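Residue numbers (the working numbering), protein chains in the order written: chain U, 1 to 126; chain Y, 1 to 126.
It is possible that some hints are incorrect.
Note that the list lumps identical chains together, so a pair holds whenever it fits in one copy or between two copies.
With a cut-off of at most 16 Å between alpha-carbon atoms, the simulated EDC-like pairs for lysine to aspartate or glutamate come out as follows [said to hold, decoys possible]: (1) K117 with E105; (2) K10 with E110; (3) K43 with E110; (4) K122 with E96; (5) K107 with E87; (6) K10 with D80; (7) K107 with D120.
These are computed hints drawn from the structure, not numbers from a lab. Being a predicted model, the structure only gives us computed values, none of them experimental.
Protein chains: 2
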Amino acid sequence: MTAFVPDFGKAGGLVPAIAQDADTGEVLMMAWMNAEAFEMTLKTGEAHYFSRSRGRLWHKGGTSGHTQHIRAVRLDCDSDTILLLVEQRGGAACHEGYRSCFYREMKDGEVSICSPKVFDPKEVYK
Amino acid sequence: MTAFVPDFGKAGGLVPAIAQDADTGEVLMMAWMNAEAFEMTLKTGEAHYFSRSRGRLWHKGGTSGHTQHIRAVRLDCDSDTILLLVEQRGGAACHEGYRSCFYREMKDGEVSICSPKVFDPKEVYK
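Construct the entire structure; sequences and hints are all you get.
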């Protein structure tokens with residue numbers, strides 16, 4: 001088996017990282033990782049990403065308390081996408097307060113909300 | 001609710017699209033979509049991506065027969081990542097023959113194969 005190391009060389013040092021709830025299988029969010037974020041994630045056991053808008057390492061949940069504890073890490077066949085199986089603290093991954101960032105769903109031509117709102121962002125990000 | 005349209009303007013016209021097995025919740029793969037791929041996916045009910053290596057529209061399963069039939073489409077809060085809930089024909093998403101492209105897993109410091117090999121690529125891609 002090849003080394004368990006993402007290929008950060010393809011897209012400017014960043015690879016997509018998907019976070020999935022380890023218990024329910026719900027896909028919670030997608031963010032980006034650079035080599036430092038990947039290393040910090042493995043080292044601390046909590047998801048770290050690279051914030052493209054802020055241009056720096058981002059400890060998910062550092063402000064909200066909604067950290068993601070790593071149960072397992074998967075790599076895809078091309079080693080250019082990471083899948084994190086996580087335990088989502090606080091019950092919500094989305095900064096808008098929804099359990100999943102993927103809370104809007106189109107099915108049979110109808111759009112609906114498919115993931116519950118767990119917190120009020122105004123109360124969390126003061 | 002805002003329009004159910006991905007924001008293709010952020011990253012050169014491409015957004016990440018995650019395919020998840022609608023029945024089991026297993027994350028199968030991540031690929032890229034441009035506006036045309038998204039439209040074709042909705043229109044045909046089968047996943048279409050944009051192949052960055054080939055520089056053109058890619059009907060997933062067009063060669064292997066392992067098409068992905070769309071049950072639902074989700075958009076994340078920033079409208080810059082797509083999640084497809086699919087029925088994976090042929091039982092495998094990965095061109096290497098594994099059920100999921102994310103077949104390598106690191107857990108408790110050990111790396112193992114976490115998704116079964118369903119077909120032999122040499123038999124499918126002749």
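Which earlier hints turn out false for this structure, listed by number in ascending order?
2 and 7
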